[in-house]
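Engineer: Protein chains in written order, with our numbering: chain A, 1 to 430; chain B, 1001 to 1191.
Derived by calculation from the structure, the hints in this document are not laboratory data.
Please note that a few of the clues may not be correct.
Straight line, CA to CA, 20 Å or less: simulated SDA-like cross-link-like pairs of lysine to any residue [stated by the list, open to error]:
| id | chain 1 | residue 1 | chain 2 | residue 2 |
| --- | --- | --- | --- | --- |
| 1 | A | K401 | B | L1039 |
| 2 | B | K1165 | A | D337 |
| 3 | B | K1077 | B | D1149 |
| 4 | A | K73 | A | D96 |
| 5 | A | K155 | B | R1184 |
| 6 | A | K45 | B | P1190 |
| 7 | A | K73 | B | E1033 |
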Amino acid sequence: MTLTEKIIARHAGRDRVAPGEHVWIDIDVLMTHDVCGPPTIDIFKREFGEAARVWDKEKLVIMPDHYIFTANKHAHRNLEVLRAFASDQKLPHFYDAFSDRYKGVCHVGLAEEGFNRPGSTLIGTDSHTCTSGAFGLFSTGVGNTDAALIMGTGKLWVRVPETMRFVFEGTLPPYLMAKDLILSVIGDIGVDGATYRAMEFDGHAVYDLGMPERMTLTNMAIEAGGKNGIIAADDVTVAYVKERTDAAFEVLHSAPDARFHSEYRYDVSEMEPVVAKPHSPDNRATVSEVAGTRLDRCYIGSCTGGKLEDFVAAASILRGNEVRVDTYVVPASTEVDRALDTQQIDGVTLREIFERSGCKIGQSSCAACLGGPPDTFGRTHGTEVVISTTNRNFPGRMGSKSSSVFLASALTVAASALHGVISDPREVLV
Amino acid sequence: MDKTVRGPAYVVGDSVDTDQIIPAEHLVYSMTEPDERRLYGCYAMSAVPPAGQGLPTGNTPFADCDADREGLPSRFKVIVAGGNFGCGSSREHAPFAISEAGCRVVVAESFARIFFRNAVDGGFLVPIESPQRLIDRIRTGDDVEVDVDSATLTNHTTEETFLLKPLGEVAEIVRAGSVFEYARQKGLIPS
Ligand code: SF4
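Looking at chain A on its own, in the form it has when it is part of the complex (with noise of 0.2 Å):
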């Protein structure tokens, strides 16, 4: 069996399970956030009563990150509802919004709060709950009605995916991050190349890589239409989560025998920086091919691209150098934000590099990665042509229709900042 087959048997109870079975499998940790979980807690009262509890308290976490920095009054509300029913049933890891416990993008919050752990099951109201399968577990972003069914029952039915296989052999050079990996893999696979399916990465360039990187990898998994991203856990996944959590685990690799959809290898020596053009992720450009193209603003941040790796891949371009254009630089979570100011490069800390190269820097959320109210930083409203780190550029995601949004390494958004135009970071790192 893969990987992702074994953690689904042995959540099933079973032996074995094969590609195409539908099974219902035990749900380890549940995530929910702002937009979802107020509607998916609706559902659960009116299927299991107003006065139901939830199936364990210990692993039902939610996280707000969406709406937070607004004043729609509806995101207000809407942070209410959680609140209310954290304090009704006593939940344990509920992370609310302006308290200490705050942090910011779930996926990357799941991390650093030590809910990732090898062999699990993660279940997310969120598509990119994918993100969390860097950590060799199987997780999946399901609506409302999946979380209500599974906050009552702790189950959820699946149907057993094929996996596909991406090797990553070769040594990254430093002009590359894992986004240009996973934008190249989603350009010749396409946004449907892996509808239903797991899309399991391996190979030496793959475990070169901390867990941050290793996260962007999974986290675009849903861009490719994978049901989920999953990197089997080694020693670098151990020490994380050990460092964050004492929970039991287990480490599971696919079967030297297991079957496979397809494989796919990649020298990452031989990659070049890539953007995807608006407006959909599979729409593949080398940065060579787009240089040049004039930029309203610069966005670094998400859950893909607001990783402490990003911000310091960015600082070691933007150092010493203004932008020439408007750009945003958002922390995905508060301890991203944290490490801002202890993070140096020669002595100087990342957040005045930024500062002082003239970046706008936001508060840990989602922001204008999925566009949101009006008033929501660094959102767009008119014709703005972006080149940014986060994971989507469909029409009107990043909040104006008629923006277009290019997506981009750290690396490759940061040198395109000191220009104004799309530009090779090969060009500026020295």
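Given the coordinates of chain A, work out where chain B with the ligand should sit on it, guided by the hints.
Structural biologist: For chain B with the ligand alone, kept in the frame of chain A given last:
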């Protein structure tokens, strides 16, 4: 869920994502309060680029809450789409919005998986795959009829009938009405 659905078709292209189906800025509304819930239907499909709104001519909005249609925001009953319908976010608001607008069936060449499960598990609408590309064979406004059990689509305007793909295992959930009813029937939750 009705076994047959008949009414005007609304035709869109490939990879219509959840942001086009219901833009993120609208996700703040309650899905239960009647006044707010109605807004989901009003904004359903509102961010499909104008040229793609109702093929082949385009520029035909799916829903219009200012028009008086006995309370239903859309006059369309069946969406006919290309591949990868509903890709993008996991928001259940997407099939919900289409269903609130008054449309209960989507026929597409393929669906993004979360949209598919949300549509079925929530009992909002029936997503049916078509082995052939119907968006070149059906025009927005054609009078179509979908028979869920026999998996066929009849275009009464052109008098053509197309075979669709059977629902397979999820047919049981569709028949039960939602995943909750299904789980009750299976004894997974007490009834
Ligand atoms: S940062 Fe963007 S992609 Fe990530 S959870 Fe938030 S809205 Fe979704």
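Engineer: Against the 20 Å threshold, does the CA-CA distance of K45 of chain A and P1190 of chain B hold or violate the hint?
Structural biologist: holds, 15 Å
Engineer: What's the verdict on K73 of chain A and D96 of chain A, does the C-alpha distance respect the 20 Å limit or exceed it?
Structural biologist: holds, 17 Å
Engineer: Taking only the CA atoms, is the gap from K401 of chain A to L1039 of chain B under or equal to 20 Å?
Structural biologist: holds, 19 Å
Engineer: Regarding the pair K1165 of chain B and D337 of chain A, is the alpha-carbon distance no greater than 20 Å?
Structural biologist: violated, 50 Å
Engineer: Between the alpha carbons of K1077 of chain B and D1149 of chain B, is the straight-line distance 20 Å or under?
Structural biologist: This hinted pair holds, its Cα atoms lying about 17 Å apart.
Engineer: Holds or violated: are the alpha carbons of K73 of chain A and E1033 of chain B at most 20 Å from each other?
Structural biologist: Distance ~15 Å between K73 of chain A and E1033 of chain B Cα, so the pair holds.
Engineer: Within 20 Å, alpha carbon to alpha carbon, are K155 of chain A and R1184 of chain B?
Structural biologist: This hinted pair holds, its Cα atoms lying about 13 Å apart.
The structure fails to meet hint 2 from the earlier list, while all remaining hints are met.
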